[in-house]
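Engineer: Sequence:
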Amino acid sequence: MSPEYLTAIASIGTFIVIAVTALAAIVQLRHIRASNQLTGVMQYTKLFESEQIQKANKFIQEELASKLRDAQYRRELFTRNPDRRQHVELAVADWCEQAGSYIKYGLIEKDQFLDLSGAYVASMWQALKEVVAIRRVAAGQEMYVNFEYLAALERKVVKGPDAFYPKGVQRLLSEAESHALAGVADTTQDMGLRP
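At position 135 of the sequence shown the residue is numbered 134 (numbering that gives the first Met the number 0), and the sequence of numbers has no breaks.
Derived by calculation from the structure, the hints in this document are not laboratory data.
It is possible that some hints are incorrect.
[Said to hold, decoys possible] Cross-link-like lysine-lysine pairs, in silico, DSSO-like; alpha carbons within 27 Å at most:
(1) Lys-103 / Lys-66
(2) Lys-66 / Lys-54
(3) Lys-66 / Lys-155
(4) Lys-66 / Lys-109
[Said to hold, decoys possible] Pairwise CB distance ranges (calculated):
(5) Ala-184 / Ile-25: 54 to 62 Å
(6) Leu-106 / Lys-54: 22 to 30 Å
(7) Glu-50 / Leu-115: 16 to 24 Å
(8) Lys-128 / Leu-106: 38 to 46 Å
(9) Ile-11 / Lys-45: 27 to 35 Å
(10) Phe-163 / Gln-53: 18 to 26 Å
(11) Ile-25 / Val-156: 25 to 33 Å
(12) Ala-137 / Leu-115: 28 to 36 Å
(13) Glu-50 / Val-16: 30 to 38 Å
(14) Phe-77 / Tyr-104: 26 to 34 Å
(15) Asp-161 / Ala-184: 19 to 27 Å
(16) Phe-163 / Leu-106: 36 to 44 Å
(17) Ile-31 / Glu-176: 53 to 61 Å
(18) Ala-179 / Lys-128: 32 to 40 Å
The beta carbon of each residue, even a glycine, is placed where N, CA and C say it ideally should be.
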């Protein structure tokens, strides 16, 4: 074998080793990214389950509408920095704002997040839209833009109850069966859970 032939074989071998190493690095980076995504979603889920957010959810569902008719309560929202101990609804708006930012910059994957929290985000946007409007008048149009972005993404991405259900997998509980089991005869009856 000539030296040129051996050099060519060595070069090809080196190229193969480098290519395999690069491929392994790409696979490893994907695994690291998936792990980071999972960690991010788990931390965000933990925050969602916190007492602060759960109290705020209850307040939004049960008291916010009447509080927004109170002139003093509204005036407080118009201040530059409302007291979040008095305005617990802002904890949910802040949570959604952070989530929208994380998704916008790729720190949390949007489909995975919307699969878990899309309906919640949509309902909170509807419930807090008036609060967001007041905060924007008080502090600028940039207030809660990531929350709005997240709600807009939810509308764009989520197309019906099967949006995130795996294609080709049979559903085990139909909408009609859900209504029957829930004791709701009229399938168009709104239980106040949908936005």
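Engineer: Which of the numbered hints above does this structure break?
Structural biologist: Hints 1, 3, 4, 8, 9, 13, 16 and 17 contradicted; others consistent.
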